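J.: Sequence:
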Amino acid sequence: MKRIFTASHTLFTTRELLFALMILTSGFGLVHSVDAEDWLQWRGPEANNHAPDGADAPVRWNIDRGENVVWKTAIPGRGHSTPIVVADAIFLTTAVKDDETQRLLKFDRSTGRLLDNWVIHQGTLPGRIHSNNSHASPSPASDGQNVYVSFHTDDAIVVTSVTTDGQQNWQQRVSAYRPSRFQFGYGASPILVDDLLIVAAEYDGSESCLAALDTRTGKTRWRVDRPSNLNFATPIATTIGGQPMVLISGADMINAYDPQTGRELWRVDTATAAICGTVVWDDRRVITSGGNPGSGTWCVLGDGSANDVQWENNVKCYEQSLLTIPNYVFGVADSGVAYCWRTMDGKRMWQSRLFGGGISSSPTLVNGRVYVGSEDGEIFVFKASPDRFDLLATNQTGNSFFATPVPIDDRLLLRTAVGTGGNRQEYLIAVGTR
0 MKRIFTASHT LFTTRELLFA LMILTSGFGL VHSVDAEDWL QWRGPEANNH APDGADAPVR
60 WNIDRGENVV WKTAIPGRGH STPIVVADAI FLTTAVKDDE TQRLLKFDRS TGRLLDNWVI
120 HQGTLPGRIH SNNSHASPSP ASDGQNVYVS FHTDDAIVVT SVTTDGQQNW QQRVSAYRPS
180 RFQFGYGASP ILVDDLLIVA AEYDGSESCL AALDTRTGKT RWRVDRPSNL NFATPIATTI
240 GGQPMVLISG ADMINAYDPQ TGRELWRVDT ATAAICGTVV WDDRRVITSG GNPGSGTWCV
300 LGDGSANDVQ WENNVKCYEQ SLLTIPNYVF GVADSGVAYC WRTMDGKRMW QSRLFGGGIS
360 SSPTLVNGRV YVGSEDGEIF VFKASPDRFD LLATNQTGNS FFATPVPIDD RLLLRTAVGT
420 GGNRQEYLIA VGTR
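Each residue of the sequence shown is one higher than the one before, counting from 0 in numbering that gives the first Met the number 0.
Keep in mind that the hints were calculated from the coordinates and are not lab data.
Misleading hints may appear alongside valid ones.
Derived DEER-like restraints, expressed as beta-carbon distance ranges [as the list claims (entries may be wrong)]:
| # | residue 1 | residue 2 | range |
| --- | --- | --- | --- |
| 1 | G65 | G357 | 21 to 31 Å |
| 2 | D282 | N306 | 13 to 23 Å |
| 3 | N398 | R266 | 34 to 44 Å |
| 4 | Q424 | S130 | 14 to 24 Å |
| 5 | P325 | N61 | 12 to 22 Å |
| 6 | D87 | N313 | 45 to 55 Å |
| 7 | D98 | R433 | 17 to 27 Å |
| 8 | R266 | R423 | 38 to 48 Å |
| 9 | E311 | D194 | 15 to 25 Å |
| 10 | Q167 | D97 | 16 to 26 Å |
| 11 | G65 | S351 | 24 to 34 Å |
Values in this document were obtained by computation on a predicted structure and should not be read as measured data.
Cβ atoms here follow ideal geometry from the backbone N, Cα and C, with glycine treated the same way.
Using the sequences and the accompanying hints, generate a full structural model.
T.: Okay, here's the thing in structure tokens:
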């Protein structure tokens with residue numbers, strides 16, 4: 000197993016930043032957070048893909064003309080991971096096929112300048128993945144002092160911890176990862192809960208698992224077997240009814256685990272075998288969507304008190320996650336149709352076609368508006384209202400869009416690509432009015 004960790008150039012000196020750590024244990028989650036204005040991991044500070052209260056973002060922009068474009072930075076290689084924001088820096092993973100490297104990139108938060116480009120692995124890319132996947136699909140996570148990245152490399156899931164200045168703390172193999180039925184690759188992001196890093200490594204093999212690593216040492220604190228089944232969902236941490244839990248769906252069930260011990264709290268046998276999206280919730284219910292082999296959206300009670308489905312429909316949101324607001328859930332289906340359902344009973348409030356189909360990016364909520372992008376690079380903005388569908392804008396943003404928009408500093412961070420084949424170039428773009 001070849002492991003490399005080098006910087007592409009000399010590191011810039013930065014002062015160490017100390018953060019107060021707190022755990023949010025209110026109705027919207029048990030989440031590791033240091034600053035409401037940072038975006039430390041997949042789905043943000045409250046794990047629900049909501050921008051903080053008071054945040055804003057532009058409704059319209061034009062990349063070609065530079066309208067409401069604060070900065071635009073070329074990204075080496077290719078990846079589908081969503082950026083995270085830690086203090087004065089942005090971190091993003093990528094993979095460069097020419098030299099078979101998987102890398103962690105660091106950008107300046109204000110200007111977008113690429114500060115560092117660290118090689119984590121080289122020469123160990125998987126032989127085959129799905130054409131719609133990348134070798135850098137999981138998003139990083141951070142506790143404010145360290146950054147944690149997970150890669151499918153050398154037929155395994157390997158997590159690396161580095162400081163925000165690029166010094167390696169540890170590297171840990173979580174599980175073998177050698178799918179036999181379909182070689183689609185990997186996509187689950189690591190998530191932080193207290194001093195634990197939760198990692199899903201689910202595949203049709205004997206080491207399929209959900210594991211918790213000690214953030215200080217990388218040692219496994221707990222590990223639970225998951226079914227020998229191809230699944231791609233990222234776990235998520237929250238608190239429902241006063242009970243902290245880690246939620247994950249797939250393998251024909253929805254599961255809740257104790258974050259500290261891995262003990263299964265409850266399970267509802269429902270949904271479908273393969274799910275890519277992350278579970279969402281309101282104050283009482285848990286909702287998921289998926290599409291292989293069965294397609295649909297399913298809702299269960301969040302305390303496990305009823306081992307059955309509260310409601311379901313046949314709408315397929317496969318790679319993209321859903322988005323909740325109090326009492327309602329939004330989804331944009333693989334078909335390109337947007338929906339709003341009432342979480343109490345699944346009543347469809349409205350539906351409206353946005354595009355012809357092809358979506359991997361998850362919707363983000365900013366200031367009462369939903370932002371969601373198609374794989375063809377159109378980003379749609381509509382009101383987060385259950386009363387009626389109200390499209391506010393459509394913004395062409397490159398022509399290959401897979402990552403989820405990240406709201407920060409009254410801007411949106413957008414990872415997109417322009418061109419195809421040998422002319423394809425990825426960019427990280429900040430859109431905003433300042």
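J.: Can you tell me whether the CB distance of P325 to N61 sits inside 12 to 22 Å?
T.: Between P325 and N61, where Cβ atoms are some 34 Å apart, the hint is violated.
J.: Within 45 to 55 Å or not, the Cβ separation of D87 and N313?
T.: holds, 46 Å
J.: May I ask you to test the hint 21 to 31 Å on the CB atoms belonging to G65 and G357?
T.: holds, 27 Å
J.: Is it true that D98 and R433 lie within 17 to 27 Å of each other by Cβ?
T.: violated, 37 Å
J.: Do the Cβ positions of G65 and S351 conform to the proposed distance bound of 24 to 34 Å?
T.: Holds - the Cβ-Cβ distance for G65 and S351, about 30 Å, lies within 24 to 34 Å.
J.: Given the hint of 34 to 44 Å, check if N398 and R266 actually sit that far apart at their C-beta atoms.
T.: holds, 42 Å
J.: Taking the beta carbons of Q424 and S130, is their distance inside 14 to 24 Å?
T.: holds, 19 Å
J.: Using the Cβ atoms, figure out if E311 sits within 15 to 25 Å of D194.
T.: violated, 37 Å
J.: Looking only at beta-carbon atoms, does the pair R266, R423 fall within the given range of 38 to 48 Å?
T.: Cβ of R266 to Cβ of R423: about 42 Å, so the range 38 to 48 Å holds.
J.: Starting from the range 13 to 23 Å, see whether the pair D282 and N306 falls in it by beta-carbon distance.
T.: holds, 20 Å
J.: Would you say the C-beta atoms of Q167 and D97 sit inside 16 to 26 Å of each other?
T.: Holds, at about 24 Å.
Consistency with the previously given hints fails for numbers 5, 7, 9, ordered from lowest to highest.
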